[in-house]
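*Asks:* One-letter residues, chain by chain:
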Amino acid sequence: MKITNTGKQKDCLLITVEGRMDAVTTPEFEQTLGGWIDEGEIRFIVDFTGLDYISSAGLRGILTSVKRLKAEGGRIVLTSLYGTVKEVFEISGFSTIIPIYESVEAALKEM
Amino acid sequence: MPEIRSAANIEHLERLVEFVAGHAEMAGFTANRINEIELAAEEVLVNIFQYAYPGTDGDVGIECRIEDDVRLILVISDKGAPFNILEVPDPDVTADISDREIGGLGVFFVKEMVDEARYRRAGNSNILTLVFNKV
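Note that the protein sequences, when read in sequence, are chains A and B.
Going by the numbering used here, the final residue of the first sequence carries number 202, and the count climbs one at a time with no gaps.
Going by the numbering used here, the final residue of the second sequence carries number 140, and the count climbs one at a time with no gaps.
So that you can see chain A by itself, here it is in the shape it has in the complex (with noise of 0.2 angstroms):
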């Protein structure tokens, strides 16, 4: 898995995550987003373009994330999920309880 950080637009910070998410690679995934929100960032798109394979653990991460953002008054919404990533997000439901753009422009229409 590789997050990147790839810059700020409308005080959203735009990330992108490659590869696979899953119990292994996921605390990686909350360690980083966590490490941003320490340094006082509350408002995310996250680009999934990129993203081959989630399972419940990463649903878990990003559940985590959530939570602790909306303590904060933050966000999070994700954008681009195709193929099985966007079909674990249909059958658990979570496509309904987060945000989902098809694209990161379309994210930041709604930001």
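There could be a bad hint or two in this list.
In silico lysine-lysine, DSS-like type, Cα no more than 25 angstroms apart, as pairs [what the hints assert, rightly or not]:
1) B:Lys139 x B:Lys116
2) B:Lys116 x A:Lys177
3) B:Lys84 x A:Lys177
4) A:Lys200 x A:Lys101
5) A:Lys200 x A:Lys161
6) A:Lys158 x A:Lys101
Keep in mind the hints are simulated off the structure, nothing from the lab.
Mind docking chain B on chain A? Use the hints.
*Replies:* Just chain B now, with coordinates in the frame of chain A:
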């Protein structure tokens, strides 16, 4: 039947999942279906790593075979206390965000991805057989 055994520990997760994915790939499963098989395998394995051997070490075994060129059969076994993962109740996938619990979601994914699942207790082993059709 090709088989891999390993200590039931999270550090072996990726190697074990790759073993399964490799068989699906060789048999010509689509990338999407391979992802679904990997998901089911990860969820079962992580469950074993976390719960099968509380306070002690143990092993997990995976057998993998292709049947009639159209089905992948996965047999995952451990020697933990009797536990039928298929009896774990489904989570509420309509719950609001503040009530969301992740427990049970992994098992739910397994049930969603397989075409057939069977559990049996044999001797001191839990034996879970998962069947994945190619299409």
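*Asks:* Against this structure, judge whether each hint is valid.
*Replies:* Here is what the structure says about each hint:
no.: 1; hint: B:Lys139 x B:Lys116; result: 16 angstroms, holds
no.: 2; hint: B:Lys116 x A:Lys177; result: 17 angstroms, holds
no.: 3; hint: B:Lys84 x A:Lys177; result: 35 angstroms, violated
no.: 4; hint: A:Lys200 x A:Lys101; result: 9 angstroms, holds
no.: 5; hint: A:Lys200 x A:Lys161; result: 20 angstroms, holds
no.: 6; hint: A:Lys158 x A:Lys101; result: 22 angstroms, holds
When each numbered hint is compared with the structure, a violation occurs for hint 3 only.
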